[in-house]
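Novice: What follows is the residue order along each chain.
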Amino acid sequence: MDWPVDKSTTLLERAEIPEKSLRVPQLPDEPVSVVEASGAWVTANLSDLWMYRELLYFLTWRDLKVRYKQTVLGMAWALLQPLLMTMIFTIFLGRVVQVPSDNIPYPLFVYAGLLLWTFFSGAVTATGNSLVGNAPLITKVYFPRLIIPIAAITARLVDLGIAFLILAGMMIYYRAALTMQLLMVPPLVLLMVLLALGFGLWTSAVNVKYRDVGIALPVLIQLWMFASPVVYPLSLVPQRWQLAYSLNPVAGILEGFRSALFGKAFNWPTIILAAIFTLLLLVYATYAFRNRERVFADLI
Amino acid sequence: MRNIITVENISKRYQIGTSHQSTGQSLREALNEFIKRPINRLRNNGYEADNEIWALKDINFAVEQGETIGIIGSNGAGKSTLLKVLSRITEPTTGRIELFGRVGSLLEVGTGFHPELTGRENIFLNGAVMGMKRSEITQKFDEIVAFSEIERFIDTPVKRYSSGMYMRLAFAVAAHLSPEVLIVDEVLAVGDASFQKKCLGKMGDVANEGRTVLFVSHNMAAIQVLCKRVVWLQQGKIAGEGETETVVKNYLGEGAVAAPERVWDDAAVISGNDRVRLRRACVRPVNGSANDNITIRTAFTFEFEYWNFEPDVHLSLSLHLYNDRGVMVFASVPVREPTWHGKAFPAGLFRSVCQVPGDLLNDGLHRALLLIVKNESEVLLRMEDALIFEVFDSVERRGNWHGKWPGTVRPDLDWTTEYLDGDLQKGPR
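Here the protein sequences line up with chains A and B, keeping their order.
Residues 1 to 300, numbered by our numbering, are exactly what the first sequence covers, in order.
Residues 1 to 429, numbered by our numbering, are exactly what the second sequence covers, in order.
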């Protein structure tokens, strides 16, 4: 014998779910994505990146927004940072130590260097820590991980753009001659961006497993600055060391950048060397990143 | 209807012990391990297998478009790993999954939220994280705001939101902005009853729009309402798959070994974290021990002993009792507890006792879920099946009925009957 109960009664009301409608979207014939263990060789998966391009925009925008949130001066810091540095170096190195500057007014000379260097160091630091800083996202949602370090770079690009406005103002103030060589500015800036991306990608991926990298990075960056012609010209380096010195890709790019701005002769070998180094680094870093990407969520 | 997800032979292996799952490894540790590994390998006769666990092993199933499929299983059965593999957060070790739609994720509601950004900004950011286009987000924006009931605060940074507002917004974003496949992991563990109801209703709508829902829950009542089909995982393998009612019944019957007393004295057994840790739990008749039977008439007590490692926190327990059909019989919190309620707990060992009167529960197996909650909002510890015990029937109260007594509870209610009138002429005849 059975007790006469209404079996449909539970704590939750079944009636709340409405009848099925027929607005069912069509599924594609081919899978949108396939999940499986990736082989040893992985590529950059550009189509996936393209699908998530809006995320790149939003992460860049978030980085900018959060960085300048609760600051009184806001985006003005993007101008103030290199300007204040320029003042400090002009006073101490330009006036007191009298560092030569290839016959360019020292403030203009050092600002041009600091402009690119501030971008580079900021971008590398931000990128290197970007994956670890976004751990909650990485362990909870899928999207191409490459977006995170790339967004860290693009956020710094906005700062770079603003800092360029000041450079233009200074060039006019110091009556710097405008030459055809200015056309080399965009490719050289691009080279710097790619170098920062390559180096940042590699550091960010390694930093996921070995946090030592994140700690050592600021020290390395500081060292790198003094090993690069940021606040002094390449010509200050003794002749016999110049070749070894030029192996530093930042040196080649910075010197080329100044030559382009101030109409001096390009030192092509160093620029080409820097370009080759940058491209090789970028390819290797992308490979290393993609190769480690599969274990990010398990390690971070 | 076509399959939107097909899962073939998925397995996932984790290394335990040697690699650090939660923290980054420092170079020194890596070097150390590098030197020690060959030695360990010699010692273990070349086997490293003890360090491996298969979180998932040979999982096969398919999900149809528009289906709401439930995934059930006890803690550690591999549910979270399966979700992580499905949502491409982590790679499977072997096997293949074909996805015919974009998979959103609700692994933890509000994951992509940034505290400094406003509600409006977070909606767009979160949508982008889930792979939605800006136009799709804009289109759903008003609906999200309306669902979450935060119109007035939409331009306030979410760090100033109450936890309820945060939850509502997070669920609304996830449910509205998820692409073709929505993954819902135990969202119903939080929020008040009306909000939970709203969430369940929304999930039904999602399915009706032809979107697919993967619903993970320990709440069997919700599973039974929402899902026609469930997959039951046990130790990384599929223990059952098919029609909800059958599988849920098997799942609840499985491992139904009464555990009226449990002691966690081995630090290796997970009974907490670095903030609180359960030491002992027990259910026993008021004047007896855990070995004594509890009948439907018996008044009994729950006892929980736990370490608090963090000084100066307001701790509160939350006891949820479920019957053998997975229906929650009651939930109880110590709001009238006389000594410690509302006070700051120092670090140390505590015992909380809950008295349950007799003549309340129906017979059958009961499971107690225990939460230890900080400041009445943050769940520090969640222990499923903290206690499992049988409530035995009692012959005295059956009358002439010998079948299974229905009902979630079985109170002993007073009945009275009076003879009112003998004059049948007053009747409705």
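Note that these hints are calculated values from the structure, not bench results.
Please read these numbers as outputs of a predicted model, since none were measured by experiment.
Where hints are given, some of them may not hold.
Here's a subset of chain A near chain B, in silico, CB distances under 7 angstroms, partners left out [claimed, not checked]:
no., residue
1, P28
2, D48
3, Y142
4, L217
5, P218
6, A297
7, D298
Heads up, the beta-carbon is just placed ideally off N, CA and C, and yes, glycines get one too.
Novice: Each of the hints needs a verdict: does it hold here or not?
Specialist: Comparing the hints with the structure gives:
no., hint, result
1, P28, "6 angstroms, holds"
2, D48, "10 angstroms, violated"
3, Y142, "4 angstroms, holds"
4, L217, "14 angstroms, violated"
5, P218, "17 angstroms, violated"
6, A297, "5 angstroms, holds"
7, D298, "6 angstroms, holds"
The earlier numbered hints that this structure contradicts are 2, 4 and 5.
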